[in-house]
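Between the sequences and the hints, there should be enough to build the whole structure, so can you do that?
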Amino acid sequence: MDTVRVQSQDFDAAAEAQALKAGRLDVGAIVTFVGLCRDEGGRLTALEIEHYPGMAEAEIARVVAAAQARWPLIGVTAIHRYGELAPGDQIVLVAVAAAHRGEAFAAAEMLMDYLKTQAPFWKRARRPDGSVENWIEAKASDDRSAARWRAADSP
Amino acid sequence: MKAVYFAWVRERVGKNEEELDPPAEVATVGDLIAWLSARGEGYAYAFEKPRVIRAAIDRAHVGHDARIAGAREIAFFPPMTGG
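Which chain is which? The protein sequence lines are S and F, in order.
Using the numbering used here, read the first sequence as starting at 1494 and increasing by one per residue.
Using the numbering used here, read the second sequence as starting at 857 and increasing by one per residue.
Just so you know, the hints here were simulated from the structure itself, not pulled from any lab data.
The model shown is predicted, which means the values in this text are computed figures rather than measured ones.
Every residue, glycine too, gets a C-beta built ideally from N, C-alpha and C.
Hints are not guaranteed to be accurate.
As the list claims (entries may be wrong) - Rough simulated footprint, nothing fancy, chain F against chain S, three-plus residues with beta-carbon under 8 Å:
| no. | region |
| --- | --- |
| 1 | 1541-1547 |
| 2 | 1599-1612 |
Claimed, not checked - One-sided and incomplete, this derived list gives chain F residues near chain S with beta-carbon spacing under 8 Å:
| no. | residue |
| --- | --- |
| 3 | Phe862 |
| 4 | Trp864 |
| 5 | Ala912 |
| 6 | Arg915 |
| 7 | Pro935 |
| 8 | Met936 |
| 9 | Thr937 |
Next comes the structure, spelled out in structure tokens:
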């Protein structure tokens, strides 16, 4: 059972992981990843996240389907928030349930690498003086991280 | 077709979305970017580095060589920074 949600409100990572194994006895591993808003050493007071409604959900669902096609996964939950977030707030959740840890770890990592480069979200930082900084630039290292999943034929 | 803009493309163009009716010779996403660039200062600024611009047709990523015939919604935005 896969779940994709794009929302402004917070999420409960433990409850989402619990839901992935509810009523099942074949789950041997759950990997949960939570991405958080950092304060960048005091230079960031808020993060504004813009998204493309409709496409954001569709693109995350495509990424989840790609992971499902690649590994034998029991369930995936992916949640991405938008709007204004403060340092310490949760931004993104990826939770993967599988029979074994290998595919759960690998799928969670691939999902995050793809989410960062394929899902239509854009961030910008608010500074302590109240000013809004330019949009955060995409990192070449994120593109390289995503590309390695394309290069390999199979897990 | 409807055009939608996000992040700094939206800010530079100065609008979230608009209806476009390009001439028939505008066949691809790349053609449309060039056509839009000539519509004014904000557009020229938004599309000054066409290679950086990402596009989606009907909410799926496409390359600049994709044909726009039949598209209902075309989106332009910078490289994504989610996660």
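We went through each hint and held it up to the structure:
Coverage of the region 1541-1547 of chain S by chain F holds. Counting CB-CB distances below 8 Å, 5 residues qualify, and the rule asks for three or more. Requiring three or more residues with a Cβ within less than 8 Å of a Cβ of chain F, the coverage given for the region 1599-1612 of chain S holds, as 6 such residues are present. The criterion of a C-beta within 8 Å of any C-beta in chain S is met by F:Phe862, whose closest approach is roughly 6 Å, and the hint holds. Because the beta carbon of F:Trp864 sits about 5 Å from the nearest beta carbon in chain S, less than 8 Å, this interface hint is met.
Given hint, F:Ala912 at the interface with chain S, holds; its Cβ is 6 Å from that chain's nearest Cβ, closer than 8 Å. Interface hint at F:Arg915: satisfied, since its Cβ lies 4 Å from the closest Cβ of chain S, which is below the 8 Å cut-off. With its C-beta approaching chain S no nearer than about 4 Å, F:Pro935 sits inside the 8 Å limit, and its interface hint holds. Annotation: interface hint on F:Met936 holds; nearest CB of chain S at approximately 6 Å, less than 8 Å.
With a cut of 8 Å, the hint placing F:Thr937 at the interface with chain S holds, because the nearest CB-to-CB distance is about 5 Å.
Violated hints: none; the structure is consistent with every hint.
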